[in-house]
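From first to last, the protein sequence lines are chains Y and F. The numbering of the first sequence is my numbering, which starts it at 463 and goes up by one. The numbering of the second sequence is my numbering, which starts it at 206 and goes up by one.
The list that follows gives simulated cross-link-like pairs (lysine to aspartate or glutamate, DMTMM-like), each with its CA atoms no further than 20 angstroms apart:
1. Y:K976 / F:D499
2. Y:K877 / Y:E898
3. Y:K877 / Y:E861
4. Y:K753 / F:D329
5. Y:K970 / F:D499
6. F:K494 / Y:E996
7. F:K568 / Y:E996
Cβ-to-Cβ under 10 angstroms is the rule here; a few derived chain F residues that face chain Y:
8. S331
9. L333
10. F513
11. I522
12. M525
13. I526
14. A531
15. R534
16. K541
17. V547
18. L556
19. H557
20. K562
No lab work stands behind these hints, which were simulated from the structure alone. Note that the Cβ used here is the ideal one computed from N, Cα and C, for glycine as well.
What follows is each chain in one-letter form.
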Amino acid sequence: MKDIKCECGHVNPHGTVLCEACGKVFDEQSKDKSLLDMRYEGSARRSQTYNKSIVDKIWNFFSSVKVGVWLIVITLVASAAGTILPQEMYIPPTMPAEEYYEDQYGWFGKLYYELGFNNLYSSWWYLVLIAMIGISLVICSLDRVVPLYKALKAQRVTRHEGFLKRQRLFGTSENVIEQDIAGVRERLKAKRYHIREENGDLLAEKGRFSRWGPYVNHVGLIVFLIGGMLRFVPGMYIDKVLWLREGETKVVPETDGQYYVANEKFILENYDKERDKTFEAAIDRAGMVVKNYQTNAVLYKRVGPAIPGEKPELKKVKEHAIRVNQPLKFEKFALYQVDYKLDELNTMFFSLTNKSSGKTFGDIKINLYDPKPKYDLGNGYQVEVLSFFPDFEFAESGEPTTKSRIPNNPAFVFKMTSPEAPNGETSFVAIQQTIEPLGDNQYKMAFKGIETKNVTALTVRKDLTIWIIMLGGILFMIGVIQGAYWNHRRIWVQHKNGEIWIAAHTNKNWYGLKREIESVLANTKINIPIDQIESQKVDKEGV
Amino acid sequence: MVTISSNLLYISFVLYLVATLFFGGAIKAKKDIGEKKGTNRWGKIAVFLTIVGFISQVGYFITRWIAAGHAPVSNLFEFTTFFGMCLVGAFIVIYFIYRTPLLGLFTMPVAILVIAYASMFPRDISPLIPALQSDWLHIHVTTAALGEAILAISFAAGLIYLVKVIDQSKASKRTFWLEAVMFGLVTTLGFVLVSTLFSAMDYKAEFNWIDKNNQVATIEYTMPAITGPHEGELLTKDKFEPLVEMPAIINGKKMNSVIWSFIGGFILYGLLRLILRKRISAALQPLVKNINLDFVDEISYRSVLIGFPVFTLGALIFAMIWAQIAWTRFWGWDPKEVWALVTWLFYAAFLHLRLSKGWHGEKSAWLAVIGFVIIMFNLVAVNLVIAGLHSYAG
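Bound conformation, chain F alone (with noise of 0.2 angstroms):
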């Protein structure tokens, strides 16, 4: 059951990779894609091979679940795995509003980065503690996962128009910024690339090292060590000894693999720079020149009041009925718990500038995109970094 589960999941992978391409296919092929026009043939394909990618990773999800005895959302892997297959659930149901493939241009990449980055992490099918064994699991996690989901799509859609507005013939803070949220989706993939590189090279190196408690204790290098740990030594041997020494605060091989993603990033960024010979945002904008700028704005904006109340049912009513039969109060301060309130907090204020204040277009496309980095930020960071009572992801 594993086993099906694994491939169901990569066959998806897979699906969604070749979908994106028919994406690009669709855009390309299109001479002129009015709002009205339709889809083509090479966008029906991408359609189609979306949904069959879905249904495939919702296979997975199943016999996952099967397999467990619990719902798939329990740990870091099963969680971005699972809000990678919401992304793309949430992009079809969008599509057939709006029938744009261009949206599954922006879209698919990025649930196909979320889906790889989620397969870095231990793949294992771990045991629930006890706070986690409540139906509530499920409840609270899928539909916050969901509620997220929606509104990463409309990061999409403002993607979609910062690229197409931004003048790309000279320099300016918007054009560095766009390009900056360019090189996070690169350094992503570089993170995965490198990360993938090394387990398939299998470095594995040991250190003991002094933590901020002043106790031995060993740690395992995946990667070479660039910062290594608090007064570490190495272990294993003809391994790479670390140029920089971490105080015992700062967790040396987190740093590690921060700095190994950024140099990966780099090293693509750059190459992508070589090949293009322009910024990428510069390179993307043929592709959406003819799409409304209205019409995306208008996705853009939907994905948030559809999502909002779903999140905020997900991630903060359901969370606080879980939390006060589980943790004994429905809202503890967690860190966890604050960057949900910051994310709703975030999407509130977003709605009020653009109901009252007419943020229209481009400003609300920017919040758009900071409102998708405190997403990732809530994923990522508050997980891995921030310790609270929702790690036992890492």
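Chain Y with its partners taken away, still in its complex shape (with noise of 0.2 angstroms):
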């Protein structure tokens, strides 16, 4: 592997297709060509130079620009997929997902199901795909920019003609008085251009910053990947789902029972088409419009130590109306309005009665998340709870069961004392239904009433990754705007042969850098250099 020696005595490293300085062709192969290739300056890419060891190949494979729209391709069809059907995290939970897909769209559900689309974005295949983006975006940039940053540094004023020649934008001209050269150059430097001299030659540069622009996306992207992979790592993110009922007050999960949040009250609004005139249409055709939901939340800190079994003293922090919109911040964490649920059983009311002669001996009131195992109405009067279930129903056996440990459908066996059955009469109650399975008892217990409460679901969120994505996407913006609002343009003015030779170069937009050297040159006696790409077509039109 040798450097090669141009002769304008600049030492380039093996691979090099365009010396670095003066610009001489050495690949053989684009000699005959009439226009250069300019990407990446002719620089030597490690890609485009070694292909022995099974490093070179990975390398090859990565760097390679094709590979890379490949895989961006497949992602953008496989992210297009998992939108057929929605996925897994939005389906109610009405029923398992297996049975869901199945059930609401039938075979092709069953397929969508089968072929793990239901959670497609979190399956293997799919986070292979975005690490081999990964993989590409950071070989792809270290095989072009260290190159090309070497060849941009080591550029020289004067070029060499086969260079220049095989410029998209090249004209001569001939007797062209010096005034002319320094009238340009003025011009140019009016234009922001950066000049350089040497031997009454020059050249003109400006915006090679917008160069940079690809590889400073890339690195953003990169930091936003890297990002999206610490939350892995645990700590790094929580996310949690509180149920809190009005009144209640609960330590807020992963804070080591530091904080607590009390729900003083859930708020649930709609628009009223009384109020909010303007809306009214809309609120007639579409029925009920939500405006508002809402926790007034209370935070607190404990305060010393946690002593298990015994209640926490709390101090408190803040108080803050949840809202969507305005979560409650507290240290790293944040609560989030998501869900509720309105008018939850929360205590019932009985009256111990009388069955032939309908008097009453008392009430009683029961808390559903905390029934007492018995009360004491007086006079020998007294009801016992045999057993509670909170939402009841009958098991495969017959037996009667909870299904879970909420209020929905709260169902007791009593036992009534009284004077007349010392000994008691038991009687099972549920919502609308009374069963007395050891015969006719003289008393029942008469349902008065109930007591709801709203429940208000807040998400505890901690993510440490935030700002890492958030720096990722800010160089991404950088990055991208920087190599598309700025075009790298080189004007070179040479002296060739007697002659003036105007080269002309940008990275895109030929249309501004076209204009721009109009003006440049107008009133001079230097020829406007033609468009070579142009001119080539309007040849082969012409014959």
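Hints in hand, dock the two standalone chains.
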């Protein structure tokens, strides 16, 4: 692997196509072409130079833009496929996913589920695709940015004839007076070109930094992907849901018992078409439109050490109305309004009643989250709660049982003691139904009423990766703007064979460059360089 | 205020129509439109009308904002209209860079179609649901729409390129697909005309039907039912009985609108073919004969370059910031999010193909067309067909 020494004296690394300093063409093949391929300045890219070892092969695979584009396209198609049917996280929790897809979408749903498309974005192969894009980003960028940087740094003002001739914009002029060149230089300066001179030759350059845009944005993307990966590091990311009844105070999960939050009140407001006249038509069409979901929350901090079994001593930190778009934030945590349940059963009232006379002997109030075992009504009257089923159903065996601990359908087995029945009468009481398993009772538990409470659901979120993700996003934006909104333009004005040669190159927006050259060369004897791509086409069409 | 607002929108719509005619005149009247020759009198009038129309539409936007108390980008009508406005705005900016009236002749009809399409949706000012009550509503939505509009300019330029470059003397895959794009545009017009026709006739037919959870529901058709709802029973008298019944998982009403749009599209397209006696693209070809292909290619590429960062900022970065605030996470694989990502990946692929694989000219023009199809899919299908967090619009 020998370095190449150019006739201009510059030593180029092995694999160079165009001399970094003067632009002389080394590559025999491209000598015949009428225009140079100016991508990456014809610099020596590792991927184009070595292909022996396995490392070379892997490097070459990932440094190929073709591979990169294929990865992008495959990811694109896969992502789109994941939206054909809803992802598992968005289906209603009424039945297992396995059944849901077939039930709702037939054989196609079943296939979708069996292919694992119900969790497509967390499937191993999707993650592999993303990882490959990440690798491709790193290798592609390194393969190009290092030689490109060296080449642009090493470039000299005076260029080889073959280099100038084969630029897309090129023109020659005879009998140019030096005054014209001086004028051109001044005008280029006024257009913010950076000008270098050597033996009367001139190189005007601007916007070189835009060449780094793609690499900056790729770094941004890599930072972003690293941020995404960090989510899987324990402690970086917390996603918990906390259900909280009105009046309840609970410890905030994952805060080591440091923080407690209380739900003072949950509010659900709808738009009122009388008050919000502007929206009348829309409300009529939609029926009901929610205006606000709100939890009046109080955040507490524990004082002193946590002692198991003892009630913690709490100090109020702040009050905050948690609404959608207005989470409660503390330390690295945020509590978001995400769900609610209105009018959950909370308390039931019964009165002990004599069935024949209708006389009552006292009321009892049962907290469905904490029923007492026994309610003494005095004068020999007493009610015992033998069993409590908060969410009652009959099990397959026929035994009464409870589905959950949420009092959706409470049922009780009461033992009622009275002077008439000192040993107690047993009664099974559920909503709209009473069973007296041991024969006719004299007394019953007459249903008196209920009390309900609203329940709010708050998402507890901590995401320490956000800052890295944001940094990645900012870097990406800087890079993409740098690359897209600026152009790297170079104009060479050189003395060759007693003529003035002008050649120009830009990485994009040739139209803009041409207009700029026209205005710079206006009112001089220098000919405006011609666009060799266009003139080729005109030639062809002419024939 | 609401009336002023709708009138301003109406005025701008009419002005855009007239401006398009003048753009056409500018092309016809000009014998030699080299890129440097500038614009003739017709073209100047057309640009002037476009700008006045744009100002009028900005007026619509501001007055509606005042009336609603929030930026009018909160439902499908408002968003799509705004998208049309951005398209015109982006065209005006690009016009002043490149000074080519031909771009107007292709961009303005697209903008008109977009706005006409928008007005087929309920135009009531809708109240904001809690998730939308944030300043990020206008920041995110307007930036995203602007980015998409700039990208759409590349579609218009790509279309000009294809109309010019594709040989219309014999049928080929290329003529077919270009014609398919034209047909798509005509079908959009078909949808607008058919909907307007039936709403002018005040057609309403109510059905009882069984939804996929076996519940009885009612649905109101505003077009004669070709595809009826699942086990539908017509309640309104003297209305058209459905020809075909749809299974429960397919929305018979939406399917019906799609079929009617195609019927409208086919009739319109058929009429056009009868009048023109050749493909639409072939009929358009003489209009573009004087334009320089490289020049159009460059406009198309530059629109992508300018639009891509704006799109990324609006549709991904601002979207993520807001999602973090409103939905607790910056990314949740909601269909709209995914399709924004798909659009972004697509244009990323476009730029890489162009920069490194040298996909200039025709290939690049086809990509610009596909990109626009993806944007439209995200705007229309994702809102109407694929349900998700973003479908408060329908």
